[in-house]
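Trainee: Sequences are here, hints too, so could you generate the full structure?
Those protein sequences? They're chains A and B, same order as listed.
Anchor point for the first sequence: position 1 equals 1 in UniProt numbering, and the numbering is continuous, going up by one each time.
Anchor point for the second sequence: position 420 equals 420 in UniProt numbering, and the numbering is continuous, going up by one each time.
By construction, these hints were calculated from the structure, which means they are not laboratory data.
Cβ coordinates follow ideal geometry from the N, Cα and C atoms, glycine included.
Treat each hint with caution, since some may be false.
Stated by the list, open to error - Only some residues are given here: those of chain B computed to face chain A with a beta carbon under 10 angstroms:
1. Gln27
2. Arg408
3. Asp516
4. Ser518
5. Glu521
6. Gly527
7. Val537
8. Pro540
Said to hold, decoys possible - Here are a few chain B residues that sit away from chain A, every Cβ distance over 10 angstroms (derived from the structure):
9. Ser79
10. Glu139
11. Arg144
12. Val307
13. Thr382
14. Gln485
15. Ser525
16. Arg530
17. Asn588
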Amino acid sequence: MTDLTLEGVSKLYEETAALREVDLSVADGEFFTLVGPSGCGKTTTLRTIAGFEEPTSGSVRFDGEEMTGVPPEDRDVGVVFQNYALFPHMTVAENVGYGLRFRDPPAGTSRKERVSELLELVDLAGMGERQPSQLSGGQQQRVSLARALAPEPSLLLLDEPMSALDARLRETLRRQVKRIQSELEITTVYVTHDQAEALAISDRVAVMHAGNVEQVGTPKEIYRRPATRFVAEFVGDNNVFEGEVLERSGDEIRVRISSSEFVLPDSSGVGDAGTGLESGDRLTFCIRPEALTPTAETNRFPVTVETSEFLGESVRVHGRWNDTPIVLRLEEPPATEELTVGFAPNGAHVVEFDVDFDAEFE
Amino acid sequence: MTTGPLGSGSPRGRGRGYDWLERHALQLTALLTAAVLGVMLYLPVGVVFAEALFLDGRLSLAHFREVLTDPFYFGVLASVFADPLAVGSHYASLVDWILAGFPSFRMGLFGFTAYQAALSTVASLALGLPAAYILANYEFRGRRTIRSLTILPFVLPGIMVAVGFYAMFGQAGTLNTILGVVGLGPFRFIERNPLAIVIVAHAFYNAPLIARITVAAWESVDVRALETARSLGASPRRAFADVVVPQLLPAITTGALLTFIFTFMTFPIVLALGGLQLATVEVWVYARIQRLDFAEAATLAILETIVSLALTYAYLRYESAQAGMSRAATPPPRERLFPDLRTVLEPRRLAIVGYGVVALVVFVGPMASMVIGSVTDGSGFTLRHYEFLVQRQAEGATYQTLPWPAIRNSLLFGVATLFVAMPMGVVISVLTTRSGRGRDQSGRWATVIDTLAMLPLAVSGIVFGIGLLRGLVFGIPLVGGWRLQVTGVVAIVAAHAVAAYPFVTRNVSPLLADLDPSLVESARSLGASRYRALLDVELPLVASGIVAGAAFAFAISIGEFSSTVILASGGDTYTMPVAVERYLGRRNGPAIAMGTVLLVITGLSFVVVDRVGGRFERD
Numbered sequence: 001m002t003d004l005t006l007e008g009v010s011k012l013y014e015e016t017a018a019l020r021e022v023d024l025s026v027a028d029g030e031f032f033t034l035v036g037p038s039g040c041g042k043t044t045t046l047r048t049i050a051g052f053e054e055p056t057s058g059s060v061r062f063d064g065e066e067m068t069g070v071p072p073e074d075r076d077v078g079v080v081f082q083n084y085a086l087f088p089h090m091t092v093a094e095n096v097g098y099g100l101r102f103r104d105p106p107a108g109t110s111r112k113e114r115v116s117e118l119l120e121l122v123d124l125a126g127m128g129e130r131q132p133s134q135l136s137g138g139q140q141q142r143v144s145l146a147r148a149l150a151p152e153p154s155l156l157l158l159d160e161p162m163s164a165l166d167a168r169l170r171e172t173l174r175r176q177v178k179r180i181q182s183e184l185e186i187t188t189v190y191v192t193h194d195q196a197e198a199l200a201i202s203d204r205v206a207v208m209h210a211g212n213v214e215q216v217g218t219p220k221e222i223y224r225r226p227a228t229r230f231v232a233e234f235v236g237d238n239n240v241f242e243g244e245v246l247e248r249s250g251d252e253i254r255v256r257i258s259s260s261e262f263v264l265p266d267s268s269g270v271g272d273a274g275t276g277l278e279s280g281d282r283l284t285f286c287i288r289p290e291a292l293t294p295t296a297e298t299n300r301f302p303v304t305v306e307t308s309e310f311l312g313e314s315v316r317v318h319g320r321w322n323d324t325p326i327v328l329r330l331e332e333p334p335a336t337e338e339l340t341v342g343f344a345p346n347g348a349h350v351v352e353f354d355v356d357f358d359a360e361f362e
Numbered sequence: 001m002t003t004g005p006l007g008s009g010s011p012r013g014r015g016r017g018y019d020w021l022e023r024h025a026l027q028l029t030a031l032l033t034a035a036v037l038g039v040m041l042y043l044p045v046g047v048v049f050a051e052a053l054f055l056d057g058r059l060s061l062a063h064f065r066e067v068l069t070d071p072f073y074f075g076v077l078a079s080v081f082a083d084p085l086a087v088g089s090h091y092a093s094l095v096d097w098i099l100a101g102f103p104s105f106r107m108g109l110f111g112f113t114a115y116q117a118a119l120s121t122v123a124s125l126a127l128g129l130p131a132a133y134i135l136a137n138y139e140f141r142g143r144r145t146i147r148s149l150t151i152l153p154f155v156l157p158g159i160m161v162a163v164g165f166y167a168m169f170g171q172a173g174t175l176n177t178i179l180g181v182v183g184l185g186p187f188r189f190i191e192r193n194p195l196a197i198v199i200v201a202h203a204f205y206n207a208p209l210i211a212r213i214t215v216a217a218w219e220s221v222d223v224r225a226l227e228t229a230r231s232l233g234a235s236p237r238r239a240f241a242d243v244v245v246p247q248l249l250p251a252i253t254t255g256a257l258l259t260f261i262f263t264f265m266t267f268p269i270v271l272a273l274g275g276l277q278l279a280t281v282e283v284w285v286y287a288r289i290q291r292l293d294f295a296e297a298a299t300l301a302i303l304e305t306i307v308s309l310a311l312t313y314a315y316l317r318y319e320s321a322q323a324g325m326s327r328a329a330t331p332p333p334r335e336r337l338f339p340d341l342r343t344v345l346e347p348r349r350l351a352i353v354g355y356g357v358v359a360l361v362v363f364v365g366p367m368a369s370m371v372i373g374s375v376t377d378g379s380g381f382t383l384r385h386y387e388f389l390v391q392r393q394a395e396g397a398t399y400q401t402l403p404w405p406a407i408r409n410s411l412l413f414g415v416a417t418l419f420v421a422m423p424m425g426v427v428i429s430v431l432t433t434r435s436g437r438g439r440d441q442s443g444r445w446a447t448v449i450d451t452l453a454m455l456p457l458a459v460s461g462i463v464f465g466i467g468l469l470r471g472l473v474f475g476i477p478l479v480g481g482w483r484l485q486v487t488g489v490v491a492i493v494a495a496h497a498v499a500a501y502p503f504v505t506r507n508v509s510p511l512l513a514d515l516d517p518s519l520v521e522s523a524r525s526l527g528a529s530r531y532r533a534l535l536d537v538e539l540p541l542v543a544s545g546i547v548a549g550a551a552f553a554f555a556i557s558i559g560e561f562s563s564t565v566i567l568a569s570g571g572d573t574y575t576m577p578v579a580v581e582r583y584l585g586r587r588n589g590p591a592i593a594m595g596t597v598l599l600v601i602t603g604l605s606f607v608v609v610d611r612v613g614g615r616f617e618r619d
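Mentor: So this is what it looks like as structure tokens:
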């Protein structure tokens with residue numbers, strides 16, 4: 001049983017920082033996902049855990065045991081790469097059995113039994129004698145997963161394992177990975193750039209941006225209560241507004257954007273740090289497309305429709321209000337080029353605010 | 001060690017010592033390689049430097065001043081070196097020279113060496129570029145064979161090529177025989193115009209190199225880029241100039257630079273075909289050594305090395321600047337060379353036929369003449385040249401050069417070279433390619449290692465030979481009365497290995513660099529040490545490069561002449577090329593027969609290169 005801790009992990013390449021003081025902790029048996037745009041440091045984090053890269057500073061611990069300086073072959077981790085990385089000169093069975101050359105199979109099983117056990121686990125029973133090149137992409141990725149799991153690693157690390165596969169196959173395989181993970185109860189770190197995949201598969205998610213961890217939380221928390229503007233915009237569709245606080249009274253904040261006024265609940269993410277928030281301060285909040293409806297009675301404003309995409313179960317409408325891009329989810333394509341939408345105060349979530357010190361001292 | 005979720009993942013039990021050895025095998029091989037390079041490459045080169053820089057035990061530039069100001073070596077430049085600050089008078093004499101209409105002037109030894117290298121480069125371009133054009137644009141039977149044959153000169157010993165040129169252009173050579181049929185000659189081609197023959201021999205070596213590099217660039221032109229240019233309104237000629245030429249130029253420049261470097265350092269060809277009256281720096285250095293004038297030889301060798309190092313550096317810089325050029329998906333289609341008989345008379349195709357005849361004389365002629373010459377004399381078929389070799393073997397005195405020891409030594413040294421050069425070359429490949437370093441390390445160290453390791457390409461065999469002779473063979477005194485001395489077979493094999501391993505590296509590195517680094521990472525996360533990952537994953541996947549590298553290493557050893565001739569002088573460790581050189585001049589027949597034996601053996605290693613080269617498909 002293994003938990004994983006990263007403490008103050010930084011990684012510098014020449015002058016540029018790939019990771020800045022990253023703190024993470026992954027509980028035993030947890031399915032933990034690192035998500036972010038390319039170059040955010042998620043893969044570097046995974047490679048640091050695997051031991052392919054040493055952190056410039058900071059500490060990586062498995063079950064409290066320091067791993068810095070331990071070579072990859074002694075870390076007892078299983079790694080699955082985006083491009084499968086199957087050994088092309090070995091059969092499927094030889095690939096799966098490779099790790100068993102260095103570690104004994106579980107007591108009572110022979111190496112051969114362990115290999116067919118694993119092939120069964122990934123639904124490839126009887127494929128052992130094939131060459132990797134004879135398999136489809138999805139099958140190759142399952143062989144790669146079986147190979148990583150065969151020596152019973154304490155940690156499973158998956159680096160964008162689905163990126164090379166087509167959309168439908170990706171969903172099937174992701175369910176299969178999730179099933180195997182919960183069956184084995186193996187601590188898993190999963191790297192992806194696909195936020196939808198991250199939300200769908202994980203126990204908890206860390207959103208990374210420019211070498212920093214922006215937010216760690218359950219998929220629900222990440223989606224509903226993004227901690228920063230970046231998370232709000234990266235995870236799912238979102239509408240982001242910037243305005244000026246007009247008045248704070250009771251449990252409401254009134255905000256002005258150009259000439260319109262909006263009412264937000266005071267509890268929507270301002271938290272303790274926001275106690276100093278006063279009129280004149282800047283404030284950023286977001287509203288998910290599904291909370292922005294033509295039927296809402298409060299906080300209404302007009303939207304000029306630019307394009308609409310038919311998605312099947314709904315229609316995604318892109319438009320504009322003044323200079324702010326707006327995205328809506330409607331059931332039917334809009335009939336007019338102009339429509340008025342609104343949102344309930346509790347549909348908004350404040351992500352950033354800027355207490356204006358100058359105003360306070362004036 | 002942490003435990004897995006399903007039980008214990010314990011490492012397999014093995015002896016501690018073995019485990020340690022395996023974990024450090026890569027570092028140990030690297031250390032050994034560094035030690036061999038240090039003792040067998042850098043030390044000898046250092047000895048040559050010391051020889052040139054010290055006079056009576058004191059640091060002195062006297063040797064350099066002497067050589068640099070001697071018009072024999074530097075011609076008109078000698079006066080510039082003698083008084084470098086008198087810019088005014090040098091400038092005036094330059095103006096005088098221009099005003100006088102560029103009269104001929106004294107070039108000196110270095111000037112002449114550069115001059116013949118420049119002429120050889122022009123000749124190689126003139127012979128190589130048409131071949132590249134034909135190979136890249138026309139389809140005909142044997143095209144692929146000819147394309148792969150362009151690698152052959154790399155493995156042909158220079159001394160053997162010289163013998164081939166004797167067999168072709170000599171007084172009793174094939175060309176004179178053919179001309180005699182129509183009542184011309186015999187002409188004394190080699191004696192009358194040795195420079196021209198030397199330049200043609202250099203073209204024999206380097207034109208295929210230029211053709212090879214250029215064809216590769218030509219085939220990597222993406223036909224879609226040409227089609228795009230055409231669709232945007234460019235004429236075929238314009239599209240060629242705008243799309244194809246910019247992609248060919250780097251290749252042609254690379255080929256020309258390499259040719260200049262190789263021919264600047266030329267030795268056996270000039271020694272055998274030109275003799276001392278046509279001496280290049282390298283030949284003169286050899287002559288100084290034979291007269292035991294080591295200081296002057298070392299000084300000349302150092303000056304030569306400075307020039308060739310500067311050129312090699314320019315080449316490496318240029319090559320790295322060109323790296324990362326696009327590799328094509330679809331090369332342009334090739335035309336049939338001779339769709340039917342009538343087309344032969346088109347001017348363009350007539351020119352190709354004409355080129356073919358010239359190519360036949362230059363490239364096929366010498367080798368074929370050598371083989372034919374070995375079984376004929378003036379009156380027809382004969383085996384007496386071979387009989388001479390057999391008889392010499394049976395009756396020759398021990399001080400004479402015997403054929404069998406030469407063959408035996410060559411094969412023995414070749415095999416021994418393989419065993420030394422392979423691990424050296426592979427370990428340097430691993431250390432300098434990305435898959436070996438890991439993704440996170442900066443490339444700076446790799447570049448340093450790469451440059452240091454490629455030094456043998458820039459240091460001529462002669463320089464190396466003097467260094468070995470003066471340093472390791474004579475012995476270097478160490479503290480406590482010990483002497484560092486490496487002699488005989490060990491010295492020769494080490495010299496061959498140092499000359500050969502860059503070819504192993506050059507064959508293995510590109511394949512290794514192409515491997516997906518996550519293959520090694522996968523193996524390591526599964527419990528393999530770095531060395532095991534190399535053994536289990538990387539080496540099997542770059543097997544073709546390793547075999548090709550081995551064949552090259554073997555062929556380089558078999559053909560190595562420059563340092564062997566120095567190290568084997570006076571002993572019985574001579575090899576086939578050395579034997580050929582010793583026979584040559586006294587009896588051409590046996591030399592030609594011996595050269596044929598050499599051709600057969602190098603030809604065999606070429607077959608191995610060709611069989612495995614680029615055949616192995618990874619996916």
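Trainee: Taking C-beta pairs only, is B/Arg144 more than 10 angstroms away from all of chain A?
Mentor: holds (25 angstroms)
Trainee: Just to be careful: measuring from the Cβ of B/Ser518 to every Cβ in chain A, is the smallest value less than 10 angstroms?
Mentor: Holds - the Cβ of B/Ser518 comes within 10 angstroms of chain A, reaching about 4 angstroms at its closest.
Trainee: Return the status of the interface hint for B/Pro540: holds when the least beta-carbon distance to chain A is below 10 angstroms, violated otherwise.
Mentor: holds (5 angstroms)
Trainee: Just want to verify: B/Ser79 was marked as not at the interface with chain A; is every Cβ pair farther apart than 10 angstroms?
Mentor: holds (50 angstroms)
Trainee: If we take the beta carbon of B/Val307, is the closest beta carbon in chain A still more than 10 angstroms away?
Mentor: Per Cβ check, B/Val307 is outside 10 angstroms of chain A; nearest 35 angstroms; holds.
Trainee: Would the least Cβ to Cβ distance between B/Glu139 and chain A come out above 10 angstroms?
Mentor: holds (30 angstroms)
Trainee: Grab the minimum beta-carbon distance between B/Gln485 and chain A and tell me whether it stays above 10 angstroms.
Mentor: holds (41 angstroms)
Trainee: Measuring from the C-beta of B/Gly527 to each C-beta in chain A, is the shortest one below 10 angstroms?
Mentor: holds (3 angstroms)
Trainee: With 10 angstroms as the cut and Cβ atoms as the points, is B/Gln27 at the interface with chain A?
Mentor: B/Gln27 check fails; min Cβ-Cβ to chain A is 13 angstroms, beyond 10 angstroms.
Trainee: For the hint on B/Arg408, just tell me whether its beta-carbon gets within less than 10 angstroms of chain A.
Mentor: At about 37 angstroms, which exceeds the 10 angstroms cut-off, the nearest Cβ of chain A leaves the hint on B/Arg408 violated.
Trainee: May I ask you to test the interface hint for B/Val537 with respect to chain A, counting a Cβ-Cβ separation under 10 angstroms as satisfied?
Mentor: holds (6 angstroms)
Trainee: Against chain A, run the beta carbon of B/Asp516 and see if the smallest gap drops under 10 angstroms.
Mentor: Since chain A brings a Cβ to about 6 angstroms from B/Asp516, closer than 10 angstroms, the hint holds.
Consistency with the previously given hints fails for numbers 1, 2, 15, 16, ordered from lowest to highest.
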